[in-house]
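First to last, the sequence lines map onto chains A and B. Throughout the first sequence, residue numbering follows this note's numbering, covering 20 to 345 in sequence. Throughout the second sequence, residue numbering follows this note's numbering, covering 20 to 345 in sequence.
Do not take every clue at face value.
Derived, one-sided and incomplete: chain B residues facing chain A with beta-carbon distance under 10 Å [unchecked claim]:
id: 1; residue: W34
id: 2; residue: L167
id: 3; residue: A169
id: 4; residue: P177
id: 5; residue: C191
Worth flagging that the hints you see were computed from the coordinates, not collected in a lab. Glycine included, C-beta positions come from ideal geometry on N, C-alpha and C.
There are 2 protein chains.
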Amino acid sequence: MSHSANHRAASHELWMSAQLIRVEQALSDWVAPNSPIHSSASEDLAPVLSQAMRYAVLDGGKRLRPLLVLAAAEAVGVNLGVGVGLGAIDEKSAQAALRAACSVELIHAYSLVHDDMPCMDNDILRRGKPTVHVKFGEAQALLAGDALQALAFELLTPAPEVVETAVQATLCRILALSAGCHGMAGGQAIDLASVGKLLTIDELRTMHRLKTGALLQASVLMGAACGKVSPVANLALQEYGAAIGLAFQVVDDVLDVTADTATLGKTAGKDAEQDKPTFVSLMGLDASKAYADKLLQQALTALEQTGLGNTHALESLAYMVVNRVT
Amino acid sequence: MSHSANHRAASHELWMSAQLIRVEQALSDWVAPNSPIHSSASEDLAPVLSQAMRYAVLDGGKRLRPLLVLAAAEAVGVNLGVGVGLGAIDEKSAQAALRAACSVELIHAYSLVHDDMPCMDNDILRRGKPTVHVKFGEAQALLAGDALQALAFELLTPAPEVVETAVQATLCRILALSAGCHGMAGGQAIDLASVGKLLTIDELRTMHRLKTGALLQASVLMGAACGKVSPVANLALQEYGAAIGLAFQVVDDVLDVTADTATLGKTAGKDAEQDKPTFVSLMGLDASKAYADKLLQQALTALEQTGLGNTHALESLAYMVVNRVT
């Protein structure tokens, strides 16, 4: 690595750690904070639900979606308030970005809880721990997922003094669209219907564009909505989001074949076992890896086309998505 | 009935029918309208999900929550646009009210879908039809519920030209709070934990205040948020919502004992069978009926305290909640 690349990698590491600390703290503050783990049980009317919600969200996950929100917010000029001497902090925009970051993670977390349930993927291991329904029972897992989705929208709609109401409305709009039947839930329904079927690459792409891509893309657009963004930049960010969204899934399929369960923290080899169509099963392993690299290049090109100055974090996250090993 | 009471009942019937037609039409337009039942399947990527969503929402239910939204909106001066010569229609407020009306119904519908699933109440009959998971399978039922919750927030956040963004944010805030762990989902979690336990009347009240009451109260407050409402009037509407919310559940418990399955359209006698604490099991049948009447009086008193001119529809709905036979 050159001196400059070294420097960039080190500064990205710093940015990442700082943002991750803020996100973890915010999630812990906002997700069922009256859980008996943290305070006296008398304050909490539904202690098991609170515990299940916290279990589903805290101490796990790469937090890719929150990082995308924050990186995009920074790219469009939101001062996240980390670091010194960066100028006056626009508190409302920074709050919007942090709340948006947590809200996409809550949607992601709820989808994993429901996805792991016996009537869906029936998985018992997630992030190296028993899944929520194994730990708390199916009924509480179902409710915890439901409550996490509601909480995502609750976080986005604080008092008007905290976040501009126009921004609140935009963030809710993007999140709701990406989570519902034209986004994540729709993609999961296609996924369900495709088990044991022969899909074309186009059909597989469509399924993943909805199932995983929609929320990853929404993360980028929600971050951008916290600041000022031109239509041109927004369109380019949309393309960036689409490219890394798809790349994420291609890499997922590759890792399902090449990594082991211990490294992944979830059951490896499930796709092949369940006879699910994947990029690897349709294109082969090498072509899938090459496709992921091509999508990375598309994402980087889109970033250049935004015309935005500070896209370093978004750039690093694109590399992270494609080069990850878990 | 006196001439004036007759006249009032007839005019309420007219108001109800007009609003119900609008709500049914709007739900049909907004809930997965590309379902293959309604158009060519090629437009719909997840046809089973769309069908399950429409099945869960359309052609059923009393639409009490939407009617509460619309009645409250009218009470605070929103012209719903039904009838002639009522003055200029504020399109944005009327749109907000209609969208709010549908959004609370979607939350209600999704909660029924999930509540009926085998891991929860395991019920096979709802509104006289097989429940969603019986008809479409558990996985699609789970996803349909999830997608309906997202759709509720999608409806509340159209383009700023359609509904003021400040109103959008307020509506999302009220709905998210009432649906999540401090509202409906929290109440359901307490309900789950209370099976086979001896609850006090206070604990039972708290459970139902969250499980059923929160969304009924939210319906009233969301309607009010579509127009101009003073803090005093809003507080009184909150009390009205709390009273009818609790009354609704007391009557539900009474009907579970006194009505039969065919009339209810759902399995009667389930509570006793599942050893669930109810108002009837704790207070007895007669005291429960008297309690419902007392709550009705509280609701009517609260309406007077709003100081609002046009609370006729809210008044009629309070009577309807307590005097219903299904």
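Verification of the hints:
Annotation: interface hint on W34 (chain B) violated; nearest CB of chain A at approximately 30 Å, more than 10 Å. Interface restraint check: L167 (chain B) against chain A, minimum CB-CB distance 8 Å, threshold 10 Å, status holds. Of the supplied interface hints, the one on A169 (chain B) holds, with its beta-carbon coming within about 3 Å of a beta-carbon of chain A, less than 10 Å. Restraint check, P177 (chain B) versus chain A: the minimum CB separation of about 8 Å is within 10 Å; hint holds.
Residue-level restraint check for C191 (chain B) holds (minimum Cβ-Cβ distance to chain A is 5 Å; threshold 10 Å).
Going through the hint list in order, the structure does not satisfy hint 1, though it satisfies all others.
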